Amino acid sequence: MERAYRKDLAEELGFSRIDGETKQALLSVKSEKRRRGPPGERHIEIFSHQGYIYTYLKLRERDLLLKENEPLLEQFSLAILVWLGTIIFLSVMYLLLRKSLMPLKSLHRDIIHYGEGKELQSKISGKKDEISQVSDAFYTSAVKLKRLMDSRTLFVRNIFHELNTPVTKGKLLAEIVEDEKSRSLLNSIFGRLTGLLKELAQVEQITSENYVLEKKPVRIVELMDEAKDLLYLDKEIPTNVTSEMIEADFGSMRIVFKNLIDNAMKYGSDLRIHYEEDRLSFVSRGEALKGSFSSCLEAFSEPNQRASNGFGLGLYIVNEIIQKHGMQFTHRYHEGRHWFSVEFRSG
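In this note's numbering, each residue carries its 1-based index in the sequence shown increased by 25.
Quick caveat, the hints were computed from the structure, so don't treat them as lab data. Nothing here was measured: the structure is a model prediction, and the numbers come from that model. Some hints here could point you the wrong way.
[To be verified] FRET-style restraints, in silico, Cβ to Cβ:
| # | residue 1 | residue 2 | range |
| --- | --- | --- | --- |
| 1 | Phe275 | Lys124 | 46 to 56 Å |
| 2 | Ile112 | Glu368 | 52 to 62 Å |
| 3 | Arg217 | Glu323 | 16 to 26 Å |
[Claimed, not checked] Pairs of lysine to aspartate or glutamate, DMTMM-like flavour, derived with a Cα cap of 25 Å:
| # | residue 1 | residue 2 |
| --- | --- | --- |
| 4 | Lys241 | Glu272 |
| 5 | Lys260 | Glu247 |
| 6 | Lys291 | Glu323 |
| 7 | Lys315 | Asp295 |
| 8 | Lys260 | Glu312 |
| 9 | Lys241 | Glu368 |
| 10 | Lys196 | Asp287 |
| 11 | Lys260 | Glu301 |
| 12 | Lys240 | Glu368 |
| 13 | Lys143 | Asp175 |
| 14 | Lys349 | Asp135 |
| 15 | Lys223 | Asp175 |
| 16 | Lys223 | Glu251 |
| 17 | Lys291 | Glu229 |
| 18 | Lys291 | Glu312 |
| 19 | Lys240 | Glu302 |
| 20 | Lys315 | Asp287 |
| 21 | Lys241 | Glu251 |
| 22 | Lys291 | Glu247 |
| 23 | Lys194 | Glu205 |
| 24 | Lys171 | Asp161 |
| 25 | Lys223 | Glu323 |
| 26 | Lys124 | Asp161 |
| 27 | Lys241 | Glu269 |
| 28 | Lys148 | Asp175 |
| 29 | Lys124 | Asp154 |
| 30 | Lys253 | Glu368 |
| 31 | Lys349 | Glu229 |
| 32 | Lys169 | Glu144 |
| 33 | Lys124 | Glu155 |
| 34 | Lys241 | Glu229 |
| 35 | Lys130 | Asp154 |
Positions of the beta carbon are idealized from the N, C-alpha and C atoms, including for glycine.
Input sequences plus hints: build the corresponding full structure.
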């Protein structure tokens, strides 16, 4: 009865009891196939043979050999299939995800090229997935911006062409006017228009994407002399500058010096140029700015935002050039003096 109960229990647990000659034959090979358990009179030994797992229980008075009913391969077949299925599924998902992200690489590359000013080819796909929509939005915006830039360039060229010719003719006609007062007034008007056209040309050149700085060591004194020549100034400007040098594009930096000197002389007095620790300051007496300094850096800002009816485009151009050089343009007002400073080290 007890033996039958143990046999039924073993079968319920998935084992078959091995007896007789089969048992002896298996025990004769278990020494080679088995894994030894702890030593002693009572111990359990587990070994495999021909794809099956056997458990040998050694007791004091008896021993028992049990065989698992399912082969070893069948026990792990489901786990192996699940593992293989998972690997295949993850591999397919990875390939699909990588394929779906390929447009992002192309978009990233084109964004870099666009930032460098290179021309892009339109790659609008018209697909409805999120990545394609983002990509299409970028290329659509790039095309619109290019059209706006082309329109801006054409507009500026037309402005120069349409205004420059009549202004030049007006200046010539003003010279033949006999009345001194009228001639002086006309010369002043046309001179102002000529200056405005030159400033517009400077804005167009400096803000152009194709404008490339050619930096090289330049003496500050040379820039000051060049600025004075542009302004037809003969008098000396007090300064402590001697042989200091900066790394800058001579052609554009001379415009910075010219505009800062011109602004100081037009809207202030007692100009002097002070250099100290990589900072060059154009110092002049004058009334405080009516608006913020940042408002003075805007092109065509309202005149009432500036002292003495404004600085025109001068400071806007100065700020654009200094930013392209990686420098800083600052201002402070102290004891009735304006300090417009160019900091050659932006850090």
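- Within a Cα-Cα threshold of 25 Å, do Lys223 and Asp175 meet the stated pairing? The given pair, whose Cα atoms are some 21 Å apart, holds under the 25 Å limit.
- Message: Next pair to validate is Lys260 with Glu247; report whether the Cα-Cα distance is within 25 Å.
- Response: holds (16 Å)
- Taking 25 Å as the top limit, are the C-alpha atoms of Lys124 and Glu155 close enough? Measuring from Cα to Cα gives roughly 14 Å; hence the hint holds.
- Assess, step by step, whether the Cα of Lys253 is no farther than 25 Å from the Cα of Glu368, and give holds or violated. holds (21 Å)
- Under the criterion that the straight-line Cα-Cα distance not exceed 25 Å, is the pair Lys223, Glu251 satisfied? holds (17 Å)
- Message: Lys124 and Asp154 were given as a pair; does the straight-line alpha-carbon distance stay at or below 25 Å?
- Response: The given pair, whose Cα atoms are some 13 Å apart, holds under the 25 Å limit.
- Pair hint Lys315 and Asp295, alpha-carbon separation not exceeding 25 Å: holds (20 Å)
- Task: Take a quick look at whether Lys240 and Glu302 sit within 25 Å of each other, Cα to Cα.
- Result: Distance of about 20 Å is within 25 Å: holds.
- Can the suggested window of 46 to 56 Å be confirmed for the beta-carbon pair Phe275 and Lys124? holds (52 Å)
- Query: Is Lys130 within 25 Å of Asp154, Cα to Cα?
  - Reply: holds (16 Å)
- Keeping to a limit of 25 Å between CA atoms, is the pair of Lys241 and Glu251 held or broken? With a Cα-Cα distance of about 16 Å, the restraint between Lys241 and Glu251 holds, given a limit of 25 Å.
- Satisfaction of hint between Asp161 and Lys124, Cα-Cα up to 25 Å: holds (17 Å)
The structure is consistent with each of the numbered hints, conforming to all of them.
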